[in-house]
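Based on these hints, arrange chain B on the given structure of chain A.
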Amino acid sequence: MTRPTFLGMPATAPPGVGHLRGDESFPAAARRSLADPQLRRNLRHATSTIRAKSAGVIAESPDWEQLRAAGAAIKSDTLNRLPELLEQLEEKVTAAGGVVHWAADAVEANRIITDLVRAAGADRVIKVKSMATQEIGLNEALHAAGVTAVETDLAELIVQLGDDRPSHILVPAIHRNRAEIREIFLREMPGVDPALTADPAALAAAARRFLRETFLSTPVAVSGANFAVAETGTLAVVESEGNGRMCLTLPRTLITLMGVEKVVPTWRDLEVFLQLLPRASTGERMNPYTSMWTGVTPGDGPQAFHLVLLDNGRSAVLADEVGRQALRCIRCSACLNVCPVYERAGGHAYGSVYPGPIGAVLSPQLTGIDDNASLPYASTLCGACYDACPVQINIPEVLVHLRAEAVDSQRRPTAESIAMAAAAYTMDHPRLYEAAQRAARLSRLAGRGGRGLPPPVERLERQPRPAPAAGADVPRLVGRPMSARDLVLGRLRAALAAGAQTPVEVPRDYRYAGRLDLDQLVDRLTDYRAHVHQVAEAAVADTIADILPAGARSSYPRVCRLPGCRRR
Amino acid sequence: MRIALFVTCLADTMFPQAAMATVRLLERLGHEVVFPPEQTCCGQMHINTGYRSDAVPLVRRHVRVFDPYDVIVAPSGSCVGSVRHQHAMVARRAGDTSLTSRAESVAARTYELSELLVDVLGVTDVGAYFPHRVTYHPTCHSLRMLRVGDRPRALLREVRGLDLVELPAAEQCCGFGGTFAVKNAETSTAMLADKMRHVLSTGADVCTASDASCLMHIGGGLSRLRTGVRTVHLAEILASTEHESAVRP
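Same order as they appear, the protein sequences are chains A and B. Per our numbering, residue 1 is the first one in the first sequence, and the count goes up by one each step. Per our numbering, residue 1 is the first one in the second sequence, and the count goes up by one each step.
Just chain A, with the same shape it has in the complex (with noise of 0.2 Å):
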């Protein structure tokens, strides 16, 4: 087989910048947290609640397994062929009204969206929750040129108002309790009644008071994306509190930044997305608000759309076999949500925007190996994200593997690895092996002293490197012949003519794996509090009828068209 060449591309895709690396190694950043008693108790109640209901409704499902490979085979295809993907998704945005843009990095990103917010004559914009934007530090580079930021997600804004940092994919404010939250909004939120109290639905009101004023004057609006459909360059973003509709219909401009890998191919499969994302997630049957919208529509929500495509590492976690499948998440969180080591050493402790397990496997691929050395190994490989994955992201697999690369990129042995070779030496030499096992049977004997539990013994990993000044390491655009749109292209093409693409089949068997069951259907509506009448075909005009209130009566069609109905 040839391979396809490249002029003028580097061996290996450069890093991503922007927040995807901490101060300090992931055990140095738990203990801080791990002492922290509100910290632990808000984590542990937290994760626990959305755990029982997420388990509560794919317990119910009976065709979870099949969509969650239905879901793994759909996001395994389009990594497969993502520059095609990509092309086309171009091709319909463009054709729909919109205008895309291509950026290498978030310093490129930064630039593009804060160009396209001052060409608005904007000093404001509106935000919808996104982890790009946050990954790329959008809000400190929108400030930095004289542009507020707001974030309207409830959690977002707390964590805004906080001037603090998110520590959950989706609930960024997690490590908040509603006494902490009422504190927050009443040192920082203009106009807050100085009477609030801690009870949620106080708190939601006193947001929302605040935000309508904000949505209604705010020319542009800033979103993330959930799934971009290649076929129809329709984008989509789901969300739980109506602020994202909010934010993509009432201003004039739109911009919406995505990662490279949240396109799909076809509209289809947000049928399997859809599905998989609520349950996994928030622990919802269907997601509340799913806006999608493909381009701009005359006369109707915003006149000027813009999508800015960023790679910030994607073409570099893509040429990796293993690694690559940490670019099929689709941000539900339930890996978080079930990992024993989140839950008590927090979201901070990741360092990173994206923490957790799939921040553990992603950042360090995003950022290259030697800036999040201590991730891989913040695990037990217990492997309870993996069977919360709904698109079946192998995580201790992933972890296990950027193990490897951790001890592979050391320059010179350390105690560690000195330890490990004489480890291996000794055991692939039987006698050896017995003598070790001697002295390590005295040793243990030696230490039933019981003076409490052992020290931790000296941390080996190596500090990870100051962050580097953003877009340093990245090589400029300027002044080269390649665009943007080219060298991103470009990098995902020799990113996958690495290695051998094995073709996906994608199953649809989920489709049929489900009975329609009429009592179940009747209990699920009863649950959304509807009132279900259960009533023979040649009586449903007469039952509208009389639901209907007095008034209404007369509008209702006199002749109905229903087959038998006796109204006839």
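Where hints are given, some of them may not hold.
Stated by the list, open to error - Here are a few chain B residues that sit away from chain A, every Cβ distance over 12 Å (derived from the structure):
#	residue
1	Ala108
2	Arg109
3	Arg133
4	Glu166
5	Thr202
6	His243
What the hints assert, rightly or not - Simulated restraints, written as ranges between beta carbons of each label pair:
#	chain 1	residue 1	chain 2	residue 2	range
7	B	Asp150	A	Ala530	37 to 45 Å
8	A	His531	B	Glu104	40 to 48 Å
9	B	Gly95	A	Gln501	17 to 25 Å
10	B	Ser105	A	Pro200	54 to 62 Å
To be verified - Per the computed footprint, the stretches of chain B lying under chain A, defined by three or more beta-carbons under 8 Å from a beta-carbon of chain A, are:
#	segment
11	4-15
12	39-47
13	172-185
What the hints contain is simulated information worked out from the structure, not anything from laboratory work. Because the structure is a prediction, the values reported are computed rather than measured. The beta carbon of each residue, even a glycine, is placed where N, CA and C say it ideally should be.
Same frame as chain A, but now just chain B:
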């Protein structure tokens, strides 16, 4: 049946009573147990810590030592998990296709103790007697890597005199994780604290599991806090009879 014992380095070095109990149990059930003396370690610690190339000679040794046997048993879900899910991967990465296929073949003949008893030998009542209140910790690799499911509980339910109590949040990791307990000692201890709290809440005298590593972690915590609750390997419970206890006092 002729069964080869894969003792595992940890049981051999630190908890030989679990291995001896495995032999005693299988012999009581009428089987022949052989112990290939050239065996050492499956290499899981090296693989999981990132020292894949150091693990290659250990995988090669393991495959060479156990290839002659039709049925292999280990009293450890974690080590069987490594043999079944990692050995072929390590061999493949090392570019050794012959080792890869032999590793896959050995893996297919290697069973965790409860799998061997229930699936291969078809027994749940092994004639054991153990008059204690016991709670069972399912261990992550038995639960999620091997999917042993209810097999250990099915075995425990048949033990005369044994009062089996459910462990709350049983499926949560105890915090050991091999070198995790060293590299992330504080998080590991926080997880252990919760596991011990749940064990103590059952009022059990004994916490059992089918993995010496997890039992070492949980048992270390329970003994240092002088809780009076001890850890006992599943094999030791199943090997105990009314005439002879396999558990050392």
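A quick look at each hint next to the structure:
no.: 1; hint: Ala108; verdict: holds, 20 Å
no.: 2; hint: Arg109; verdict: holds, 22 Å
no.: 3; hint: Arg133; verdict: holds, 24 Å
no.: 4; hint: Glu166; verdict: holds, 17 Å
no.: 5; hint: Thr202; verdict: holds, 19 Å
no.: 6; hint: His243; verdict: holds, 29 Å
no.: 7; hint: B:Asp150 x A:Ala530: 37 to 45 Å; verdict: holds, 39 Å
no.: 8; hint: A:His531 x B:Glu104: 40 to 48 Å; verdict: violated, 59 Å
no.: 9; hint: B:Gly95 x A:Gln501: 17 to 25 Å; verdict: holds, 21 Å
no.: 10; hint: B:Ser105 x A:Pro200: 54 to 62 Å; verdict: holds, 58 Å
no.: 11; hint: 4-15; verdict: holds (count 4)
no.: 12; hint: 39-47; verdict: holds (count 6)
no.: 13; hint: 172-185; verdict: holds (count 12)
Hint violations for this structure: number 8 only, all remaining hints satisfied.
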